[in-house]
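> The residues making up each chain are set out below.
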Amino acid sequence: MSPIFYLLAVLTLAGGLASVLLKHLVHCALAVTIAFAGLALLFLQLDAQFAGFAQILVYIGAVAILIVFAILLTRGSELPKGGVFSPTWLVGLVIAAGVFAVLGWAVLASVSAIPQSNIVPSVTVHDIGLALVGRYVLPLEIVALLLTAATIGAVIVAMHEKKERPQ
Amino acid sequence: MTTPLTGYLLVAALLFAIGLGGALVRRNAILVLIGIELMLNAANLNLIAFWRYGPHPEALTGMMFAIFSIAVAAAEAAVGLGLVIAIYRHTNTTELDKIDRMKG
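Chains B and D are the protein sequences, given in the same order.
At position 165 of the first sequence the residue is numbered 165 (my numbering), and the sequence of numbers has no breaks.
If you want my numbering, it's the position in the second sequence, counting the first as 1, plus 1000.
Worth flagging that the hints you see were computed from the coordinates, not collected in a lab.
Quick caveat, the model's predicted, so the values are computed rather than measured.
Take these hints with a grain of salt, some might be off.
To be verified - Okay, the calculated bits of chain B under chain D, using three or more residues with CB under 8 angstroms as the criterion:
1) 13 to 24
2) 57 to 71
3) 89 to 96
4) 101 to 111
5) 119 to 133
We treat Cβ as the ideally placed atom computed from N, Cα and C, and that holds for glycine.
Turn these sequences into a full structure, and let the hints guide you.
Following this line, the structure appears as structure tokens:
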């Protein structure tokens, strides 16, 4: 385990934790951007250059901007009166801690079973492109259709409603 | 004792738990969406880590899963935030415990 991994893990987890705990929504959006950046760096650390840069482009470039737009369009920067956490926050916390306990136990209990071959993969963008138009061409087309439908749907859903005519 | 993969899996598990906690605990709909994004990202980290330390990285399976999952997450974010904006126009709030009717 390299020190860089620990640094990136702390950065990512701190960003994630801050994004769910901070009060102001704009701060949350900034914190989640840090978490996305930390994840992109973790992908690069795992020799997955293409996925890392796709993560930066899609998450930091598009999703974070979308979140900021949504916050500003819904006046989310104002603090709500009843606090930012729901009244049943303790239940949520217990469920999240339970899920983490189960996942952590599963990972630590299967240390001897998980693969640990250390072949450094030499995958170029050329290989990924060939795989995308070869073996994975059907998922690629479906994702293209899904993205088109989702974009049109999001625009239609968020479009201004027509004012009802006075009767 | 600990392999590098274990470290990545534990980070992903912790990030998933943080996202789940955020989605369950916060009152604002946008924060719930942020929690869901964190959970999706934790799953992506798992896929990439298994691809990297698996026996056949040249098969690209985990990498492709992660790339398609990123694309689906982008579509999900667009539709989710569009819905939040539409609901805000209708009810003037994004707090989930005040949005308890499906009828406008």
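> Now, for every hint given, state plainly whether the structure supports it.
Hints versus structure:
{"no.": "1", "hint": "13 to 24", "in the structure": "holds (count 5)"}
{"no.": "2", "hint": "57 to 71", "in the structure": "holds (count 9)"}
{"no.": "3", "hint": "89 to 96", "in the structure": "holds (count 6)"}
{"no.": "4", "hint": "101 to 111", "in the structure": "holds (count 5)"}
{"no.": "5", "hint": "119 to 133", "in the structure": "holds (count 7)"}
Every hint, counting from the list given before, is met by this structure.
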